[in-house]
Each structure stands twice: as C-alpha cells, then as structure tokens.
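Make the full structure from the sequences, and use the hints.
In the order they appear, the protein sequences are chains A and B. Heads up: take any position in the first sequence, counting from 1, add 82, and you land on the working numbering. Heads up: take any position in the second sequence, counting from 1, add 159, and you land on the working numbering.
Any given hint could be a false lead.
To be verified - Covered stretches of chain A (in silico footprint by chain B; criterion: 3 or more residues with CB under 8 Å from a CB of chain B, positions within the stretch not fixed):
hint	stretch
1	90–97
2	148–159
To be verified - Once the Cα atoms are required to be at most 30 Å apart in a straight line, the calculated BS3-like pairs of lysine-lysine come out as:
hint	chain 1	residue 1	chain 2	residue 2
3	B	Lys268	A	Lys126
4	A	Lys126	B	Lys541
5	B	Lys218	A	Lys119
6	A	Lys86	B	Lys483
7	B	Lys541	A	Lys162
8	B	Lys483	B	Lys541
As the list claims (entries may be wrong) - Selected chain A positions facing chain B (Cβ under 8 Å, derived; list incomplete):
hint	residue
9	Lys86
10	Asn102
11	Gly141
12	Thr143
Since the hints were made in silico from the structure, they are not lab data. No residue lacks a Cβ here, since even glycine has one placed at the ideal position from N, Cα and C.
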Amino acid sequence: MITKECVITVKVGLHARPANEFAAVAKSAPCEVLVGKAGQAQVKGNSPLRLLTLKAHEGDTLVISFDTDDAQVAEEIFAKLVATITE
Amino acid sequence: MGEVFTGIGVGSTAVRAPIFRLAARTALPELAKSSHAADAEFAKVQSAIAELERVFAEKIAAADGQLRDILEAQAALAGDPELADTAAQFCKEGWNAASSIQLAMQEFKVLLQGAEGEFGERVADLDEIVYRLVQIVNGNTDHVSLPKSGAVIVVAHDLTPMDTVAFTDVVVGVITEKGGPTSHTAIVCRSRGIPALVACKKAAQLVDGDVVVLDPDNSQVIVGGELAEASQRWWEQRQNLGRSLIPVMANVGSVKDAQQASSAAGVGLLRTELFFLDKTTTPTRQEQIDLYATTFAACPDGEIIVRTLDAGSDKPIPFLHMEKEENPALGVRGQRVAEVAPDFYREQVEAIGIAAAEVQKSGKQISVSVMAPMIATIAEAKDFAAMARAAGITRVGVMVEIPAIVSVIPQLKGVIDFVSVGTNDLSQYLFAADRVNSNVAHLLNPWEPALLSTLAQIAQLARENSIKSGVCGEAASDPLLAVVLAGLGFDSVSASPSSVADVVQALSVVDAELARSVAASALSAHDAQSSKQAARKKLA
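This is the structure:
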C-alpha cells in the first residue's frame, strides 16, 4: 500500500465534474484506489457516490492510498488524480 | 399594480407572459416487501438503472454548457455500481425493487446529512435519481408537456435539471418556490439566459394563465403588471457625466483575473491564498518574488493593494500546519496566523516589496500597498504596520471585517494609511450568521440597514482621521450598492473583474450630491428589501 496526499484547489470541491473525472481515473487504474480526508475513513475512489459523501471542499487535504507496491504505478495514477482536483 | 411576490432574482431582463404551472410530482410509493424472488426484484432494479442511463444519455446529447455538466454528474451517480450493489442487499432482505432503490439511496443521503452549501444541495440530485428510477420500475411516464407555441413563465415547486432540459424557447421565465442562488435552477437559467425567480415562497398562489411581470433585478413578480414597472439597467437611462464618481478597482486572485481587470483603476484586493494552497513546503523568498512580479505585471496600471495570506483552519495552507478547530470562522484566521508563523509573513511582505520594485523598474506605472486581513485590535494594526514599513512598503492598511475594530478607527490615525471593508465577513460577524450555513443566508443581505449604518460609521470615522477608506467585499460589485457606498463617503470600491464595467457606468451617472441622497434613503429603511427599493427610487 502506497499513500500520498494532495490539497483540493478546484473551487466546487470534490463533487460534480471533478468527482466524475476522479472516479474515472480510479476506475481505469490497475490497482484499487482508496481516498479520504486527512484523519478520516477512506472510501472507494472509483465511486462518485462514495466520493460525494466525503464532503471534501476546496482547501481540504486528501489522503489517497494505492493497493500496490509499485511506486511508479502509484506515482502515475496519483499525478492523473491530482490533475482532476487541482486548477 | 397587482399583487407582488418576492424571491431571489436570477438574470436582469424583465419579462411579461402568462403563468404555466407544472403539475406536482407524484409521491414515492410506501416501502413494501415483495412476494417474488430477490433475483427477480434485483433484475428490475438493474433494468431501471440501464433505462435511466439511456434517458440521461439522450438528454445530455441535447444539452450544452453547465446543464450538460450537471446532467453528466447525475448520470454518473445513477450508474455508480455502489448504488446497484447496495440495492441488491435490500432485495435479498425481501424488499421490492422500488423500495430497495429508495432504501439504498437513503444510506448515501444519511452520509450527506448536515452537509452545507453545494454538498447539501447534492441531496436533491440523489432524490431526483430515486424518483426517476421508481417511476421507471412502476412503468409511469413523466414528461413535461409545454405549449407548442407562444411564451410562458413556468411555475413549479422545484425543478430538476432533467425538467429544465425539456424547456423549449416557449419558456421565457421560471419561478420556483424552492432553490437558492446556487441551486441547479438558478445555474441553468443563468447559463441559458432565462430570467428566473427562485425561493419565491408564495409561488403556489400564482394562478395558471394569469399574466405576470417577472422582474429578476428587483427579485419580484408582479401579477398583472406592465413591463414599464420593472427595472432596466437603470444607469443606461441617465446621462453619463464622463467620469466615475470614485475610482473602481478590481478584486484579483490570479494572473488570469488580473488580465481581465484591464478596465479597472487599479487592484483594490489582490488575494494571495491561491498561490499557496497547493504548496506542501514553504515557498522560498525567490519563488514568492517571481510569483508576485508575474502577477503585478499582468495587473492594470495604478495602485495594487496586496492582502497578506488570509489562511485559517477552513482554508488551510499545508506548510503552515494549522490545527483543526471547532469553529474556524472564530479561530486562528487571517492576521492571527501571523502570530504563529511570523517568519512567513515577514518574508511575504518583503517579497512583495522587492517584486514591486522590480516591476516598477521595468517601466510599469504601479504602486504597491499591503493590507492585513482580520484585524481586531489597535495592537495588531500597529504590529502589522511596523513590519510592513520595515520592509519598505510605504502605504499600509488593514481590513475592516471584525466589528471590534470599527469604533477604534480614530486610534489608528497615523498608524495606517487606509482601511478596506470586507463586507461578507463583516456581515457574518455583525449578524452572528455563519457564511457557510444556508439557513441563515438571509441575514447576510448587504442591504440590511444595520450593515449599511456600520459602513456609514466606518467611512465617517476614517475620513475624520485622515484615513482613506474603500470597500472590497461583494457589495461593491452591485452597481446600485456601489452608488450607496460612494454616497456614504468611501473613497473607492473594488469589484470582481466581470462587474467593473457596470459599476463604473453606474458611478458615472451620479454626482456626489445625488449619491449622498441615495445613501441617505437606503439608510433610513427598515429592512433590506425596502432599503434597496428606496435607493432605486432616487435614481428613477
């Protein structure tokens, strides 16, 4: 399991279009992606409904976990995920 | 003039047309167990989801802009396997298909409970998906049958994006009982240019076929009214005097904003938060200098007022390592952060000074000032001014957002050069109304007489003590309110880049005497609605 952090900078927060794009990237990933707000429980990254329930706003820090030992794979997916929630 | 109903207006063009009431939705069926096998019920759930996805795809193809974005987001929620999986559990417990869908979505709604703002409003998306799925399961068709020709103003309890996608050119206006300024109905109507009145509590009293005037600018609908009673862009009806009564500056938060602000007389508020939100380590002095220099170069000529970093636990900056707080609005925010991270703030102000000198050297006509957010005491103002002047900044100010600082403005004489009012936060603290709680949003109306009278006091105290005053909150982006602010004695206003042109126009058709009388009539009103009407009447 590899874990990384990033801050949401899209104004609307993690719902609507950013959440859809985030879920689409997570779905296409070769490993399971879990995501949660710092210090809180994580949910499946490929589910727009679960992402919505995080209530993650602009400025919140997300903790994203990748069920893989391959640092390069995690780094690649992470970069794509970050692109969906930053401006 | 007929009966008048009020709400929240969307758009600025008034329209006159007959009312067309949309039928109320049928209630969801009561929860019930099934006599069929769980597999059979779940098959119904799956085929309903597939059908709804097909309907969404059809509507998405017909939509564009923000409406399309909204429908795509809803379609993704409807097609989320988590919904089907959860419904499958309820089917196994013996519930019928319609009940399993309702119970499954209820699980997600519970998780959204207590959410405010946009996340709270997403609950309506989940309700919409359940309603559509249950209609499909029960074999009901649900379609809006609008007249084929003519023009109507649609009235409904509430509208969903799927309802609005069916609107043809026949729909020239929309009135809903529910909704707020950021609800789907408002967003869709704004993007399609359809005037609307949302949160119109008495919309149920509007009668099918009655001709009404929908006047979004005045947030009202007049039964049997004439268009002449509605307000137009009032400043276009008056003679332009050739110059703005007071300078109109722009609020800027990024290089892109700065480029859009070219018609402004300077930058009245340069926010620096966006530069740091994604930084996990403290940016170096040189990184900051480069950032500010790039932004300054993109700004219009004139003064640029840079606000030092306005962070708080609700908008945390990773490298400042701020603690979670129970009530961020009343916690360590704005200038208070400078007490825990003094080095960062000193370096920020120094970097601003160096960047300003660099850009000036390149020949650009700017002067750079700094101001601190969330100042509550004279001591805080003194500390900030001393630090900024030590960094070579000659013009220093503070924001007036906390009511405590208002009455001690006279003691700031000689300490600072200007004050700038952030009306949104000032309202929040003055009315004890949380900015992110939509249940108290009505208290944050900038036309509330108590806010106007506090603004009058600020302008007067500043003037008496040779301190310049400006307003950079959202209030300054409203052309009518900008006239009131000029009349109250403020020396400048700073508006969002997209509003600068309208505010300049409005301030170019009034002289000082007229502005004072507009302000006086707004001040003497007893509520926000009549305050705005009184101001507007003076300019008729």
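Hints and how they fare:
1. 90–97: holds (count 4)
2. 148–159: With 0 residues close enough to chain B, the hint is violated.
3. Lys268(B) <-> Lys126(A): holds (17 Å)
4. Lys126(A) <-> Lys541(B): Given pair Lys126(A), Lys541(B) is violated - Cα atoms ~50 Å apart, limit 30 Å.
5. Lys218(B) <-> Lys119(A): Violated, at about 34 Å.
6. Lys86(A) <-> Lys483(B): holds (20 Å)
7. Lys541(B) <-> Lys162(A): Violated, because 46 Å separates the two Cα atoms, which is more than 30 Å.
8. Lys483(B) <-> Lys541(B): holds (28 Å)
9. Lys86: Interface hint status for Lys86(A): violated (11 Å vs cutoff 8 Å).
10. Asn102: holds (5 Å)
11. Gly141: holds (4 Å)
12. Thr143: Holds. Min distance 7 Å.
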